[in-house]
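Participant: Here are the chains, one letter per residue:
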Amino acid sequence: MAFIEARDLVKTYTPKGAPVVRALDGLDLDVAQGTVTALLGPNGAGKTTTVKVLTTLIRPDSGTAVIDGVDVMRDPDRVRRMIGASGQYAAVDENLTGFENLMMVGKLYHLGSKVARQRATELIELFDLVDAANRPVKGFSGGMRRRIDLAGALVINPPVLFLDEPTTGLDPRSRLALWDIIESLVSGGTTVLLTTQYLEEADRLADAISVIDNGRVIAKGTADELKASVGGQRVAVTLVTESDARALTDIMSRFGSGDPVEGGGGRTFVVPVDNGPVALSAIVGAAAEQGIALHDAGMRRPTLDDVFLQLTGHTAEQADEAEGTAA
Amino acid sequence: MTSATLQPLAGSAISRFLSDGWVTTWRNLMKIIRVPEILLFSLIQPIMFVLLFTYVFGAAIDIPGDGYESFLMAGIFAQTVVFGSTYSGSAMAQDLKDGIIDRFRTLPMSGAAVLVGRTNGDLVINSLSMLVMMGTGFLVGWRVNSSPLEFVAGVALLLLFAYAFSWVMAFLGLAVRSPEIINNVSFLVLFPLTFISNAFVPSENLPTPLRVFAEWNPVSALVQSARELFGNVPPGTPPGDAWTAQNPIATVIIGIAVMLLIFVPLSIKRFQTLSR
Chain A
1 MAFIEARDLV KTYTPKGAPV VRALDGLDLD VAQGTVTALL GPNGAGKTTT
51 VKVLTTLIRP DSGTAVIDGV DVMRDPDRVR RMIGASGQYA AVDENLTGFE
101 NLMMVGKLYH LGSKVARQRA TELIELFDLV DAANRPVKGF SGGMRRRIDL
151 AGALVINPPV LFLDEPTTGL DPRSRLALWD IIESLVSGGT TVLLTTQYLE
201 EADRLADAIS VIDNGRVIAK GTADELKASV GGQRVAVTLV TESDARALTD
251 IMSRFGSGDP VEGGGGRTFV VPVDNGPVAL SAIVGAAAEQ GIALHDAGMR
301 RPTLDDVFLQ LTGHTAEQAD EAEGTAA
Chain B
1 MTSATLQPLA GSAISRFLSD GWVTTWRNLM KIIRVPEILL FSLIQPIMFV
51 LLFTYVFGAA IDIPGDGYES FLMAGIFAQT VVFGSTYSGS AMAQDLKDGI
101 IDRFRTLPMS GAAVLVGRTN GDLVINSLSM LVMMGTGFLV GWRVNSSPLE
151 FVAGVALLLL FAYAFSWVMA FLGLAVRSPE IINNVSFLVL FPLTFISNAF
201 VPSENLPTPL RVFAEWNPVS ALVQSARELF GNVPPGTPPG DAWTAQNPIA
251 TVIIGIAVML LIFVPLSIKR FQTLSR
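Which chain is which? The protein sequence lines are A and B, in order. Counted from 1, the first sequence has number 14 at position 14 by full-length UniProt numbering; the numbering is strictly sequential. Counted from 1, the second sequence has number 220 at position 220 by full-length UniProt numbering; the numbering is strictly sequential.
Next up, chain A with everything else stripped away, as it sits in the complex (with noise of 0.2 Å):
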């Protein structure tokens, strides 16, 4: 069995007016022991979701959640003792300091002021948040609360680290920094099951990826394992204007061996293609002759963003921009 299992979960919201939602729609996990898996998938795809039945936050209508032997569902509290869960909002009190926040969550583990004060003590030593820790929250920038956020959950160095798009809205150094901190935990042993919707994240952290769309897992295994399903090379052109984009299309379908599809921004194409070199200077060289205007040219292999296409019809963000939603 899993350090972590999850059999068949379903979870359905019935929003005033609307159609009933099914959040998670039969899913299915494996997390081994001491690795990091990501799950990924644009906004609403279930993500929170399955992260929030597994933290004891919601019950699911039905199925089942094992964590190490302990049943989430009838024996939440052992649960809560052995877990650390970090939002992508960062769940800090802003009107204490850090230092607060942290003996405030020690003293809820019931740690004992002493021990408290000492783990407190050492989060703010590892998060490197000594000059910020006795200014109240409020004040510190979106990294550093997310690091406050992330040593909360680390409080009792639980063997199971729950990870809610640890990074969204953060600036590229603060991202690289809180990688670094996930990639240390794990190598002391900590299982992580994070989700993203940022695919360099899945790639970067994941020993496995399960890939989620409407509630369930639509594919899984390592990032080379999913770009491997999806095969081959590929060639990716840019256009100067948007309006050649049928002709491109056209020639790209022509010398591809699958269908173009758009990879973002309205002027990429992206064509699955047989022998890379061959392919590129046949595509160049056939919209050189209609006159079509390049941007860019060139091969590729396959990034988990093709992965994603393939197995959905849809980028990750442009499923967030179907919802409404930044991606």
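Among the hints, a few may not be true.
[Unchecked claim] Straight-line alpha carbon distances no greater than 16 Å define the calculated EDC-like cross-link-like pairs of lysine to aspartate or glutamate that follow:
1. B/K97 <-> A/E94
2. A/K227 <-> A/D207
3. A/K138 <-> B/D98
4. B/K31 <-> A/E94
[Said to hold, decoys possible] Calculated Cβ distances over 10 Å to all of chain A for the following chain B residues:
5. W26
6. L123
7. V124
8. R143
9. A153
10. A156
11. L160
12. L266
Quick caveat, the hints were computed from the structure, so don't treat them as lab data. Where a beta carbon is used, it is the ideal one built from N, C-alpha and C, also for glycine.
Could you slot chain B onto chain A? The hints should help.
Facilitator: Just chain B now, with coordinates in the frame of chain A:
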């Protein structure tokens, strides 16, 4: 860095509940200290009301006996502590919105303690408001004409009623989830409720429909109880025909009990089953 998972200290469920209750109360008290505007406004408003009513309406409203100051204070006390309790509603909704409730709910702590801490926070603010109002009242001529025991009972009744009402508001905060809606709706409901009562004018002079409403209004019972216990009932003012007006102290005690018996379990249940 510690490598083993930290284990909780041994302790009974009750000692853990008390500890959790204290930690969340402490958190809410820190907010009062770190955001002094909250306390400032909850203190300035009653002072302003005491002064405005005493000097603007006091001259026009003729109350037999000790005059309008003495009549007014019980009304101001009641209005202030009732409004003070609405803070539990908006604060619970805000905590939900900020995600800190989700954090608490992933911890092996008592959910009820979060609500206890919240309502305790209101109790502290209300107690401080009471002190400041009594000081201001004293300066404008309010006097207590009863025994110390009755005085203490009056203060306790006001604070307990407000504490019980904090639980009602905490439940609404968890149910409505929007601090703005809680603030606006509680103003719209509580403002008329405190004004169509005997808080600021004797209800016998009101037009009949309003008079009947005022007599049955629980706020009137609270005000009348405080007035009786502080010895501030003007001579020759009949309390009204309603049972609640005739038995204000019993009404308030029943009100406190009903609010606590219904909304403490309801709020705790709601907290435990919160889900988005």
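Participant: Confirm or reject each hint.
Facilitator: Hints versus structure:
no.: 1; hint: B/K97 <-> A/E94; result: 13 Å, holds
no.: 2; hint: A/K227 <-> A/D207; result: 14 Å, holds
no.: 3; hint: A/K138 <-> B/D98; result: 12 Å, holds
no.: 4; hint: B/K31 <-> A/E94; result: 9 Å, holds
no.: 5; hint: W26; result: 8 Å, violated
no.: 6; hint: L123; result: 19 Å, holds
no.: 7; hint: V124; result: 15 Å, holds
no.: 8; hint: R143; result: 39 Å, holds
no.: 9; hint: A153; result: 35 Å, holds
no.: 10; hint: A156; result: 30 Å, holds
no.: 11; hint: L160; result: 27 Å, holds
no.: 12; hint: L266; result: 19 Å, holds
Consistency note: the structure conflicts with earlier hint 5 alone.
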